[in-house]
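Residue numbers (the numbering used here), protein chains in the order written: chain A, 1 to 234; chain B, 235 to 468.
Read the hints as simulated data drawn from the structure, not as lab findings.
Don't take every hint at face value.
Taking lysine to any residue and the SDA-like style, the derived pairs with C-alpha atoms no more than 20 Å apart in a straight line are [as the list claims (entries may be wrong)]:
1) B:K341 with B:G359
2) B:K395 with A:T39
3) A:K49 with B:P275
4) A:K59 with A:K161
5) A:K161 with B:D307
6) B:K283 with A:P41
7) B:K341 with A:A3
8) A:K59 with A:Y6
9) A:K161 with B:K341
10) A:K49 with A:F131
11) A:K161 with B:A237
12) B:K395 with A:K19
13) A:K161 with B:K293
14) B:K283 with A:F131
15) A:K107 with B:D441
16) A:K107 with B:Y240
17) A:K195 with A:K234
18) B:K283 with A:A24
19) B:K395 with A:A38
20) B:K341 with A:D89
21) A:K49 with B:K293
22) B:K395 with A:P41
23) B:K283 with A:T39
24) A:K49 with B:Y240
25) A:K107 with B:D236
26) B:K462 with B:D307
27) B:K293 with B:R238
28) B:K283 with B:R320
29) A:K234 with A:G208
30) A:K107 with B:R238
31) B:K341 with B:D236
32) A:K107 with B:G257
33) B:K341 with A:R4
34) B:K283 with A:K19
35) A:K19 with A:V118
36) A:K49 with B:P274
37) B:K341 with A:E50
38) B:K341 with A:M1
39) A:K49 with B:A237
Fair warning: this is a prediction, and the values are worked out from it, not measured in the lab.
There are 2 protein chains.
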Amino acid sequence: MDARVYHSISYGLYVLGVKGENGAMGGCVVNTLFQITATPPVFAVSVNKENQTCSLIQKEGLFTASALAQDCDPGIIGLFGFHSGRDVDKNQNGDLALSPNGLPYLKNGSCAYLEFAVCGQQDLGTHLLFFARLINGEVLSSSTPLTYAYYQTVLKGKSPKLAPTYRPDATTPAPAKQPAPEAPKAEAAQDSGKKQYVCTICGYVYDGEIPFEELPEDWTCPICGVPKSMFEVK
Amino acid sequence: MDARVYHSISYGLYVLGVKGENGAMGGCVVNTLFQITATPPVFAVSVNKENQTCSLIQKEGLFTASALAQDCDPGIIGLFGFHSGRDVDKNQNGDLALSPNGLPYLKNGSCAYLEFAVCGQQDLGTHLLFFARLINGEVLSSSTPLTYAYYQTVLKGKSPKLAPTYRPDATTPAPAKQPAPEAPKAEAAQDSGKKQYVCTICGYVYDGEIPFEELPEDWTCPICGVPKSMFEVK
């Protein structure tokens, strides 16, 4: 089967927010949040069991989803998508606020947040699919919602290993034509025979003006925050 | 709660294809198809129990999903989203082809088709959520996948009444900024004080060059195919 069929499915990108241990704020990035019934307004979201967020949703029965904006800082995806709350403080940049029920949501870089109460779950092997009723929400900006296609095509990102859409062979994202308001610079670089440096953690393809070799040693991946040494030539 | 929070969730649009009675080809439009695990590749789709497609999926255990392209004929959405296979022949335009397993898929107007085998289901009141393993698929064009945001903002369509995202109050779609490559003509018409004619079945807002009153009597809604008489002034 042609693996490009996967690219015909459209998704948004969301930061789930949960109450962590000892008042900490937890969360992770997902692309599988969907409304499944209108009356009542019930949504489904698929979360990998290995994500700490999964057990915290089970424990609390409440979570938020902040819909990422196209103009968000890609570092948000790095922090919430490629690092565990076991190792880092997810509110290290002060981007989170608390809902009336005390759940964290992303106040900067999202279009809206939605608050959910879990009403069921289905075990799907690697993932739990939560069914949750929308109980609260707020519009936070008029930005365009970030789609997974935009993330892959324009931001050159890829899926974390625990995502439902992760495929180890997905080295070249989005072969099908996708909505791309700017011509991706990395493709131009490829055409000119310039070396392409790719982040081995998140798949980000460096496409800056300064040659990669000349970047300062303390430069870090704008998506997941790892150092230069974690990049390799594609 | 501000109902605009719903617009921060991104979806694609898909035609589900099923084997109908006596060799007929059935199907409907959904926006709630998403991958929920990577290994194995299992997807979920929410289908209203009142749709004939729902009972046919249960009966056969197999279905296809054709990912609609942004440049598809909007009449496809009308035929599959606003008419029942009990009343019309879903292959009346010859747009369907058969997969190796004999299931219909949309050969014109879609980016790819995916074929699924049902592996579970969850009853959610008005809808059944099917879990299904991807067993086959084919890329059909390099067009951009149609998103629900584009359908609402540019094509001025709305949800069928049986859709999970249907809201009876949704008279003005997409208040949040959405990716819209062309300035929607209907908005310009609204600014100039021109009357807006809206389809009472599918919500399509007429925005043609010819004044609505001067359209020929046999003119039909380009989204759902109903006659002029089914339009009203907004």
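Q. Out of the numbered hints, which ones does the structure contradict?
A. 1, 4, 5, 8, 9, 11, 12, 13, 15, 18, 20, 21, 24, 27, 31, 32, 34, 37, 39
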